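Got chain A; can you put chain B on it based on the hints?
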Amino acid sequence: MLGLISLFLIAADYKTHVTGTTRVALSYISIPFYWLANSPSNIVQGFDSYFTSRETLMSENERLHNEARILHGKLQKFVSLTAENVRLRELLSSSTVLQDSVLIAELVNVSPDPLKQQIVINKGTNEGVYIGQPAIDAYGLMGQVVEVNARQSRVILISDSRHSIPVQVNRNGVRAIAEGSGRIDTLMLPNVVATTDIKAGDLLVSSGLGQRFPVGYPVGVVESVVQDPGKPFLKVIARPSAKLDRSRFVLLVFAGERSQ
Amino acid sequence: MIRGIDSPEMMPWGVVVISVVAALTFSVWPLPDWAQWLRPEFAALIVVYWVVAAPFRFGMVYAWCLGLTMDLLEGVVLSQNALGLTVLAYVCFLLHQRLRMFGVFEQAASVFVLVGIHQLIGYWVHGLTGGSYHTLAFLVPALVSALIWPLVKLSLDRLRL
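Order-wise, the sequence lines are chains A and B. Read in order, the letters of the first sequence are residues 1 to 260 in this note's numbering. Read in order, the letters of the second sequence are residues 1001 to 1161 in this note's numbering.
Just so you know, these hints were derived from the structure itself, not from any lab. Please read these numbers as outputs of a predicted model, since none were measured by experiment. Errors might be hidden in some of the hints.
To be verified - If the Cβ cut is set under 8 Å, some of the chain B residues that face chain A in the computed set are: (1) Val-1017; (2) Val-1020; (3) Leu-1024; (4) Ser-1027; (5) Val-1028; (6) Trp-1029; (7) Asp-1033; (8) Trp-1037; (9) Leu-1073; (10) Gly-1075; (11) Leu-1083.
Claimed, not checked - Residues of chain A clear of chain B, computed beta-carbon distances all greater than 10 Å: (12) Glu-67; (13) Gly-73; (14) Arg-212; (15) Gly-230; (16) Val-253.
Backbone N, C-alpha and C fix where the C-beta goes; we use that ideal spot for every residue, glycine too.
Only chain A is shown next, with the shape it has when bound in the complex (with noise of 0.2 Å):
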């Protein structure tokens, strides 16, 4: 009986959207074992930043200080250079993509089932996520929100065996789709003709393709490229370019206005 429920539930879960509601209401059970879970390392964290001596801060501020104006020189390069690709683009007449606006959001729990690539971040429908909003880091895209409740969200990795993103080669503009491949460091690009021109050390950006995804954030870089002359397609493998396992902060992007 319990078995029938269950495979009721399953089907009703994947292949509908009826569950969706519960889902979210059920969802907030989760909190307060990713909290607990989390616990040790918070309160490690915590000690940490409590016994940090001056000097530490000190330095590290300085750092920071250089750091931010070294950020700042290269950010008025490229404030011109934004504009004259908005000029250049006005010239065009097509349409510009705004500046985005995002929203940091840290991490509370990576998926423990090894089959799944997917994390949660401690930002939901509260601070405005909604499903489907691309997440990134400073390194490039990371993936897409699937599921969000009011105080979580859950985000699937562009590794993960589900998901995949349209993407282009940077330097030429060849588009490709890029499926993860269920292992956090490689992505696959299916059906790429073997006539393509594509090497190792492409870079590959979103294309926008898909209306998903903004443009031109980095996807991954091109690892070995392989051709059997048996087969119509080539065999691409790319690395992301977001570091999918390390970072602790994911900044969700709010796709800015279109102007024509």
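Okay, now just chain B, sitting in the frame of chain A:
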């Protein structure tokens, strides 16, 4: 050997609740990436323990509820764990008299098979709902669970006193 609990008054519900909370917490305990496959299936272990100890108090309904909570914690399709744990509880119920009489190492060997069944069902549902990962690695947690079984059994025996 596991001492059976045959009268309702003897059922240590406090210990059950503690073990369930501990199992769920350890199930989401952060582990480094290389150790992901080495995490024992704590929920399956305590289901085995309580069904064998108290087959008429802790049964399939509790196992199913526990599994559903696990599904929510892991963010997998609903019932992936619940189905596995229900079947696990049923098999344990059929075998509980035999399992009670086994020594701790024989029990560990049985736990490997039992948790293996649970893992197999979970893996099957995972494949059914569009996942893919074609290795036998899903049996590693069953092995680790069998290795940790003596520890789980001894600590729960102690707590019940």
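A quick look at each hint next to the structure:
no. : hint     : verdict
1   : Val-1017 : 13 Å, violated
2   : Val-1020 : 11 Å, violated
3   : Leu-1024 : 5 Å, holds
4   : Ser-1027 : 6 Å, holds
5   : Val-1028 : 5 Å, holds
6   : Trp-1029 : 5 Å, holds
7   : Asp-1033 : 5 Å, holds
8   : Trp-1037 : 5 Å, holds
9   : Leu-1073 : 5 Å, holds
10  : Gly-1075 : 5 Å, holds
11  : Leu-1083 : 4 Å, holds
12  : Glu-67   : 28 Å, holds
13  : Gly-73   : 36 Å, holds
14  : Arg-212  : 18 Å, holds
15  : Gly-230  : 22 Å, holds
16  : Val-253  : 21 Å, holds
Comparing the model with each earlier hint shows violations of hints 1, 2; every other hint is respected.
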